[in-house]
Each structure stands twice: as structure tokens, then as C-alpha cells.
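Student: Here is how the chains run, residue by residue.
Protein chains: 2
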Amino acid sequence: MKRKSLWASVFIATLLVVSHLYAGGLEERANKTFKPIPESAPALEGNPATPVKVELGKMLYFDPRLSASALISCNTCHNVGMGGADYQETSVGHGWQKGPRNAPTVLNSVFNIAQFWDGRAKDLMEQAKGPVQASVEMNNTPEQVVKTLKSMPGYVRMFKEAFPGEKDPVNFDNMAKAIEVFEATLLTPNSRFDRFLKGDGDALSKTEKEGLGLFMDKGCSICHGGVNMGGQGYYPFGVVERPSDEILQGDKGRFKVTRLKSDEYVFKAPSLRNIELTPPYFHSGKVWSLEEAVRIMGSAQLGVKLTQAEVEKIAAFLRTTTGVQPKVEYPVLPAPTEGTPKPRLD
Amino acid sequence: MKRKSLWASVFIATLLVVSHLYAGGLEERANKTFKPIPESAPALEGNPATPVKVELGKMLYFDPRLSASALISCNTCHNVGMGGADYQETSVGHGWQKGPRNAPTVLNSVFNIAQFWDGRAKDLMEQAKGPVQASVEMNNTPEQVVKTLKSMPGYVRMFKEAFPGEKDPVNFDNMAKAIEVFEATLLTPNSRFDRFLKGDGDALSKTEKEGLGLFMDKGCSICHGGVNMGGQGYYPFGVVERPSDEILQGDKGRFKVTRLKSDEYVFKAPSLRNIELTPPYFHSGKVWSLEEAVRIMGSAQLGVKLTQAEVEKIAAFLRTTTGVQPKVEYPVLPAPTEGTPKPRLD
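Residue numbers (the numbering used here), protein chains in the order written: chain A, 1 to 346; chain B, 1 to 346.
Hint data in this document are derived by calculation from the structure and do not stem from the laboratory.
Given that identical chains are not distinguished, each listed pair holds provided it fits within a single copy or across any two copies.
Distance condition first, Cα-Cα at most 27 angstroms in a straight line; then the derived DSS-like pairs of lysine-lysine:
hint : residue 1 : residue 2
1    : 342       : 286
2    : 252       : 98
3    : 160       : 327
4    : 98        : 342
5    : 32        : 206
Let the sequences and hints guide you as you build the complete structure.
Tutor: Printed below as a string of C-alpha cells:
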């Protein structure tokens with residue numbers, strides 16, 4: 001339990017620092033802990049966005065023909081109309097297989113330090129290549145994807161425009177780059193909470209303000225702070241108290257990436273933005289109630305038994321983080337040709 | 001073979017009538033046979049459209065939570081970005097089951113005399129109730145769908161606005177009505193062919209015009225005429241020559257609905273609008289090439305062995321029927337609550 005003591009010490013130290021912020025009013029304190037979601041996509045290093053690249057990325061994001069079966073697109077599990085997720089415990093992919101983890105939201109994901117629950121992809125470009133190839137998700141190969149894209153003149157034209165001057169623009173890396181610039185546009189600004197951060201004191205009710213206060217006072221915001229209210233660091237699930245086996249599902253999290261003993265059961269803290277839209281919760285998707293998730297976090301991460309009133313206030317506050325959902329016009333996908341690979345269902 | 005002789009006589013008689021139209025020029029003849037797709041949705045008897053009802057219909061159309069698994073929406077098989085269909089031989093539904101028939105396009109489907117390959121639904125409202133309940137598609141029940149919709153305040157509000165004055169507006173019939181008014185907006189006007197019909201002689205190339213001429217001269221337009229180039233009547237697949245068992249797949253078509261011997265292997269002639277976007281072809285989806293489909297139709301329906309040049313010209317003409325695809329802004333779906341039924345994957 002040494003690891004846990006270390007983590008506990010870090011937490012207590014952080015809580016002390018946090019307590020120094022108490023001097024100011026709620027809005028001032030909140031502004032030291034969080035930032036509003038910006039209105040437009042941040043620039044991506046090495047992958048400049050252009051309108052045609054964003055449009056191509058959107059087409060790819062919605063095209064089920066990137067999967068072997070031609071049935072599953074990025075949007076299947078990261079549904080832009082459903083908070084960027086899929087309302088499943090763990091996502092269902094090729095052959096109706098149930099995947100190992102709950103689909104994280106694509107919304108605002110550009111603000112995360114890394115992607116996937118275990119952070120194994122350093123950015124959205126790297127992330128985009130994963131599910132396409134995972135046998136339990138889209139079950140395709142880079143070669144087959146490129147063959148599919150090259151078979152459609154509509155895509156060849158778009159890749160040429162999106163990656164001007166390149167000799168062979170239709171390739172797997174460019175697919176991922178285009179998806180990344182599109183995903184970076186999937187932001188949810190102007191939530192009631194963000195309006196509060198920007199100075200509109202009436203944007204939150206009394207209960208919601210109390211919830212925000214508790215969220216900071218109890219320590220939730222240590223892991224769930226910043227612009228994305230999470231996504232900035234890795235923490236053991238069960239810093240203080242181990243969650244139930246039902247919730248953990250034996251998933252050792254980041255340990256699978258680093259093979260470090262200290263990374264057992266460590267996960268990237270997920271963003272809590274728009275959280276009401278994306279049940280069920282946790283990497284295992286075993287908890288459907290936001291209140292229940294808050295209660296579990298209190299005991300597992302903070303060693304605090306939150307009262308029912310506290311739980312309800314924090315949940316009420318979290319529901320104010322739902323922002324204006326991105327406007328996405330459904331893309332018209334290129335016509336297939338006889339050279340386009342046929343669906344493979346097996 | 002009496003039935004076939006009867007059909008053959010009907011065809012010859014129709015061909016004679018058609019030949020009377022030969023007097024005029026190509027554009028004049030075409031305008032006697034076809035009509036352009038209108039720019040806006042036709043009025044639906046007993047189901048007046050309002051903006052809020054159309055918007056609700058769009059939400060329902062895209063909501064996978066209408067299916068038992070919460071994975072399959074109307075748009076899964078009738079993808080508005082893929083010509084209103086799904087690029088599958090036959091659609092794949094609940095549990096990765098392969099359905100019995102190829103998904104007909106939703107685009108312009110409001111102009112069909114009835115829905116499904118066998119016309120078993122008299123309109124889109126009746127159609128919408130089918131896949132939701134089919135065990136091989138969405139595998140849900142009306143009761144469960146209504147429970148799902150009633151669990152989400154966002155839907156309850158929309159149903160109230162879309163069906164004002166009704167005591168219990170959230171019901172299965174109203175779900176279907178809303179979907180119908182949305183689907184009626186999914187039109188593809190202003191194809192090059194339609195611009196030709198409206199007087200733009202340069203909208204078609206010489207080859208495409210020859211294809212159009214052949215399409216009328218050979219008799220294709222007898223079944224594939226009107227605004228939707230099909231969808232107006234029922235015909236045996238194999239009027240003159242029985243297609244291969246591979247293509248028929250033992251499907252007796254409309255016989256399953258009427259139980260009339262004369263309806264064996266009878267299907268509703270599908271619309272040929274946007275046909276290049278929706279391979280594979282026929283009720284069985286066994287033919288991926290448009291040229292091959294044209295060739296088969298020539299021999300099976302018209303008893304004509306089309307030359308390769310004729311096939312190519314007709315296919316080139318058919319590709320001019322691709323219209324401007326509908327603009328659809330992806331709907332933001334209502335947040336679930338704890339009362340919303342969980343996905344059932346089994």
C-alpha cells in the first residue's frame with residue numbers, strides 16, 4: 001500500500017495549495033481552476049487546418065467504409081449527436097463483439113494531453129489509426145483503407161486538395177491527419193458553467209454554485225480541472241479506496257502501456273464536460289447514474305463519504321457543463337466504384 | 001408460363017403506346033416519360049409537416065436508442081450520406097444478423113406508391129414501424145420505444161410541440177409520423193438529367209443522351225418512368241427470362257404479402273434515381289456493377305440482349321440522375337436519464 005500512501009500525501013499537499021485559493025469569491029476561485037471552452041479549434045502542431053482538410057476529415061469520420069464491414073464509422077462509437085459517445089457500457093464493434101472499454105467522448109478531446117483511457121495515443125492523429133485496425137472495432141488494415149479511399153475519385157480529389165503538393169496524398173497518415181483536424185472542431189463552448197466563468201453570476205443556480213464549491217473544496221477539481229475538467233493527468237482508480245471488482249473489471253489501465261507496477265489501475269482522468277450526455281461512466285461503463293459515479297469517486301479517490309445532499313449538488317453543477325453541441329452538416333460521401341472493396345462481415 | 005405470356009403482351013402493348021411518343025425530340029419524349037424531382041417535400045395526407053415535426057423526425061431517424069441495442073438507427077441502413085442506403089448486399093442488424101433484402105434508398109422514397117421491395121407498407125409512416133420491430137433489424141417493441149422516448153424530457157417536449165393539443169403525444173404512431181415528414185424532405189433535385197428535362201440541352205453529353213434514348217426505346221422506362229424513375233408499379237423479376245438463382249435467392253417477393261400465385265417473384269420496380277451511389281443492386285444485392293445490372297435487366301425483363309456499347313450508354317445516362325443530396329444538419333439528441341432503457345445486446 002506504499003503507492004497509495006504516496007498518492008495520498010500528494011493529494012493532501014495539493015489540497016493545502018488549493019485551500020490558499022479560498023480567499024477569493026467563488027467565481028475568482030473557479031477561474032483559477034478552470035477555463036472556458038474556446039469558440040474555435042486550437043491550432044495543431046504539424047497539422048495545419050484548412051477548410052478542405054476539415055471537410056475531408058468529416059467525410060472520413062462518418063464513412064463506415066473505413067471499416068472492414070462497411071458498417072462502422074468513427075461516429076458509430078463517438079456519435080456527435082450523443083455527446084460524442086455511444087450510450088454503451090463498452091463499445092460494440094466488428095461481428096457484434098463487445099470491446100474492452102467505454103468509448104470516451106470525442107467532444108473537446110483535442111484538449112486532452114493524450115488519447116484513450118490509458119493515454120496510449122499521444123494525439124488525435126495517432127488515436128484515429130487505432131480503432132480502424134482493432135479487430136474488435138473496425139477490423140480493417142491500413143492497406144485496405146487506402147485501397148478503399150483510392151478507389152473513389154471523390155476521395156482522391158479531396159486528398160489532393162487537402163494535402164497540396166504531395167506526390168501520394170491518399171495515405172493512412174493523411175487520413176488520420178484529416179480526421180484530427182475535424183475532431184479538433186468538435187467543441188462545446190458556452191455552457192452555463194462557462195458563462196459563469198466569464199462573469200455571468202446568474203448562469204448558475206444557488207444549488208449549482210454550492211455544487212461547484214464542493215467540487216473544488218472536496219478535491220474533485222485536482223484531477224478534473226483546466227479547460228477540459230480532466231484529461232490532463234493519470235491517476236490510480238482507487239487512490240484511497242479500491243472500487244468494486246464489478247467496476248474495475250480487472251482492467252489494469254495504463255499498466256498495459258508502461259508495464260510499470262506503479263501504473264496498475266492508473267487511468268487518464270476523463271473530461272467531465274457534457275457528462276450528463278454520456279452515461280454510462282468509468283472505463284468499464286458499469287455505472288449509469290451520475291450521482292452514483294460522484295459518490296464512488298468521493299470514496300475511491302478522495303476517501304470522503306459524500307452526503308446525499310453533497311452528491312446531488314455536485315451532480316447538479318456537473319450538468320451545467322453541457323455546452324452548445326457542435327453543428328455538423330452530414331457529409332455527402334463519395335460514390336463507390338467497382339474497385340471499392342466489398343464489405344467483409346466475417 | 002401463362003403469366004409470362006400475359007406480361008409479355010402487356011409489355012408489347014405498352015411498347016406500342018410508347019412508340020407513338022417517338023415523333024418528338026429527345027427532350028420532348030423524355031418529358032412525356034419522366035418528371036424532375038421537386039425542390040421541396042410534397043404534402044402528406046393526414047400528416048401535415050411543421051418545422052418542429054420535421055426536426056423531431058430527424059432526431060428519431062438518427063437515434064440509435066430506438067433499437068434494442070441502442071446501436072442501430074434508421075440512418076444505419078438508410079445512410080443519408082451514402083445515397084440513402086448502406087453499401088451492403090442485404091442489411092446487417094441486431095446481433096450482426098444479415099437481413100433478407102437489400103436496403104432500398106430513403107431518398108425520394110416519398111414518391112413511391114408503397115414502401116419495401118414488396119410494397120407491404122402503404123406509406124413511409126407505416127414503413128417506419130417495420131424495422132424498429134424486426135428481430136433482424138432493430139429488434140425493439142413499440143412499448144419499449146415509447147418508454148425510451150418518454151424517459152427523455154428533450155423528446156417529451158419535442159413531441160408536445162410537434163403534436164399540439166394531443167393528450168398523450170409520445171406514442172408509436174407519432175414517432176412514425178415524425179419520421180415520415182422528415183423522410184419526405186430527403187429529395188435530390190437538380191440532377192443533370194433533371195436540368196436536361198427542364199430545358200438545358202447541354203446538361204447531358206452525347207453519349208448520355210444516346211443512353212437516355214436507349215432507356216426509352218428499349219422499354220426500361222416503362223417500369224422506371226415518372227418522377228422517381230420507378231417505384232410506381234409491381235413487376236415479376238424475370239418477365240421474359242428468369243434471372244439466375246444466385247440473383248433471385250429464392251425470394252418470392254410480393255407473393256409473401258398477397259399469397260397470389262401471380263405475385264411470385266414480383267417486386268416493386270425500384271427508383272433508379274442516384275443509382276450510382278447505391279450498389280449493390282436488386283433485392284438480393286448480388287450484383288455490384290451498374291453495367292451488369294443493366295445487362296441483366298435487358299435480358300430478364302425485356303428479352304433483349306443489349307450490346308456492350310448500349311449497356312455503357314444506358315449506365316452513363318443513369319449516372320446523370322444523381323441529384324443534389326439533401327443537406328442534413330446532424331441532430332443533437334436528447335440527454336438520457338436514469339429511466340432510459342439500457343442497451344440490450346442479446
